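Participant: Spelled out from the first residue to the last, the chains are:
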Amino acid sequence: MIRFQHVYKEYPRTGLVLQDVSLFVGKGEFIFLTGPSGAGKSSLLKLIYMEELPTKGDVWVSGVRSKGVKRKEVAKLRRKLGVVFQDFRLLEDRTAEANVAFALEVIDVPRSSIQPKVARALAQVGLAAKGTSMPREMSGGEQQRVAIARALVNDPFVLVADEPTGNLDERATRGVFQLLRDINASGTAVVMATHNLELVRRSGYRTIEINRGQVVFDSGDGDRGKKVEVLA
Amino acid sequence: MRLALRETMIGFRRAPGLSVLSITTIAFSLFAFGLFSLVAVNIRKTLSEVESRVEIRAFLADGTPVEVVSAAMGDIGAFPEVSRVEYVSPDSALARARAELGEFKDVFESAFLPASIDIRMREGHRDPETVKTIAGRIKSFEFVDDVRYGEDWVDKLYRIRNVATATGLVLGLAFAAVAVIIIGATIRMTVMARAREISIMRLVGATDAFIRRPFLIDGFLKGILGGLLALGLTWFASQVISHNFIQTAFFSRSLASLGLLGGAMIGVLGSSLSVGRHLRKV
Numbered sequence: 025m026i027r028f029q030h031v032y033k034e035y036p037r038t039g040l041v042l043q044d045v046s047l048f049v050g051k052g053e054f055i056f057l058t059g060p061s062g063a064g065k066s067s068l069l070k071l072i073y074m075e076e077l078p079t080k081g082d083v084w085v086s087g088v089r090s091k092g093v094k095r096k097e098v099a100k101l102r103r104k105l106g107v108v109f110q111d112f113r114l115l116e117d118r119t120a121e122a123n124v125a126f127a128l129e130v131i132d133v134p135r136s137s138i139q140p141k142v143a144r145a146l147a148q149v150g151l152a153a154k155g156t157s158m159p160r161e162m163s164g165g166e167q168q169r170v171a172i173a174r175a176l177v178n179d180p181f182v183l184v185a186d187e188p189t190g191n192l193d194e195r196a197t198r199g200v201f202q203l204l205r206d207i208n209a210s211g212t213a214v215v216m217a218t219h220n221l222e223l224v225r226r227s228g229y230r231t232i233e234i235n236r237g238q239v240v241f242d243s244g245d246g247d248r249g250k251k252v253e254v255l256a
Numbered sequence: 111m112r113l114a115l116r117e118t119m120i121g122f123r124r125a126p127g128l129s130v131l132s133i134t135t136i137a138f139s140l141f142a143f144g145l146f147s148l149v150a151v152n153i154r155k156t157l158s159e160v161e162s163r164v165e166i167r168a169f170l171a172d173g174t175p176v177e178v179v180s181a182a183m184g185d186i187g188a189f190p191e192v193s194r195v196e197y198v199s200p201d202s203a204l205a206r207a208r209a210e211l212g213e214f215k216d217v218f219e220s221a222f223l224p225a226s227i228d229i230r231m232r233e234g235h236r237d238p239e240t241v242k243t244i245a246g247r248i249k250s251f252e253f254v255d256d257v258r259y260g261e262d263w264v265d266k267l268y269r270i271r272n273v274a275t276a277t278g279l280v281l282g283l284a285f286a287a288v289a290v291i292i293i294g295a296t297i298r299m300t301v302m303a304r305a306r307e308i309s310i311m312r313l314v315g316a317t318d319a320f321i322r323r324p325f326l327i328d329g330f331l332k333g334i335l336g337g338l339l340a341l342g343l344t345w346f347a348s349q350v351i352s353h354n355f356i357q358t359a360f361f362s363r364s365l366a367s368l369g370l371l372g373g374a375m376i377g378v379l380g381s382s383l384s385v386g387r388h389l390r391k392v
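Heads up: the protein sequence lines correspond to chains A and B, in order.
According to my numbering, the stretch in the first sequence is residues 25 to 256, in order.
According to my numbering, the stretch in the second sequence is residues 111 to 392, in order.
By construction, these hints were calculated from the structure, which means they are not laboratory data.
Please note that a few of the clues may not be correct.
[To be verified] Simulated pairs of lysine-lysine, DSSO-like, Cα-Cα distance not exceeding 30 Å:
#, chain 1, residue 1, chain 2, residue 2
1, A, K51, A, K94
2, A, K91, A, K70
3, B, K391, A, K70
4, A, K141, A, K104
5, A, K70, A, K104
6, A, K104, B, K155
7, A, K94, A, K104
8, A, K91, B, K391
9, B, K242, A, K96
10, B, K242, A, K94
11, A, K104, A, K91
12, A, K51, A, K80
13, A, K51, A, K96
14, A, K91, A, K80
15, B, K391, A, K80
16, A, K141, A, K94
17, B, K391, B, K266
18, A, K51, A, K91
19, A, K100, B, K391
20, A, K154, A, K141
21, A, K141, A, K100
On a predicted model such as this, the values are computed, not experimentally measured, just so you know.
Looking at chain A on its own, in the form it has when it is part of the complex (with noise of 0.2 Å):
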């Protein structure tokens, strides 16, 4: 499902930020990818989405090869995945509902059929009586569970979720933390970064960490696997 094979990532500023990076995550895992600020970690997300595009190495997403990956390939892979972010990244300026729907028409899903799913992915995030809200008008955690709404509204096969719960107070958190899990008991894979070593440490979900941009530790990666399971 998704595949990395020796990634080396390069900015001509910041320099190397991954270094052979290879790992697979399967259909319906959920994975904490932690980590210093700085690691790596964003980086590894934007690859997943293909925000960026490897240096060295190859990506694979559901079937789609980073190298010669075609701008329109990339717009076509992301309405398979949903993204979520510790800033929300919300329309200030429309509803929570409108906000969701933007999600299906940027890719001309018919007008009929918007709605009923606008309302079912807000009810999902237990927010059907918030869909005419706007955003100022919400807490963060409301605004992130939006935020969620939308990258579910287009049924992705997996979640990539960079700092989500960043922003939030520690009972939003757990909210939050606990409609991913719900999210992923349903079938979708998560990829959440996180600097929350609690909410990684009470979870038992497999667990990525990188410093200096090399995967250090993979819980579910053989002989590391017990080393997680030894700090847990």
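The hints should help you fit chain B onto chain A, whose structure is shown.
Facilitator: Leaving out everything else, chain B in the frame of chain A:
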């Protein structure tokens, strides 16, 4: 398309000040271009009026039979370069000389002027080379004493016309390029103001063509509105010049429509360049 239109309108509504600024900027850069075009159109009109007076006058030998002159006129009239052939009798020549040179009218008392054939050239054949060739052919008629066509004058006129055309073309292109750059920069502000939407659109899988659409409509509408405003300003300027300085001709309806279409195209081009540049970066 419905969504693209809606997004365009949202852009207009969200930042009305920016939209007005864009339209005004487009209008003033097109107005500068319009003023220049107005000057060019009037110079061209004056030159073509002068040009239309380019004629060859063939003076006929005394006693040339009328039938011979008629036959020759038929032959000359059939030249593709010739638009009109006119016989001027000695009496008509005298009347014309008296009219044109009023202060010497008393000098012209007897019919001493020779008869002539006046030949007007068709548009596009008034260059010195063609005029000279036709004059040479006419001179070869036996009964033609002399041929005059103001060689120096035709030469100068043609040079002025060429210089005016070349200057017009270069300046016109420069003005158009400046307009495209200014409009591109203006629309770039709109693109930057909507960078968040663009990034979200890309994130959820919108294609570049889809993202471009509202901006192209935006550029088109602003180009049309700016063009209309520029046309109004140019018309006003032409009225002021006509009333206070010199009678000026305004653009024909088709030229004005072409200008509007040009404005719209510049808007689309400016938008396309700005959004394309932005998309390449994100």
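Participant: Give me the numbers of the hints this structure contradicts, sorted from smallest to largest.
Facilitator: 6, 9, 10 and 17
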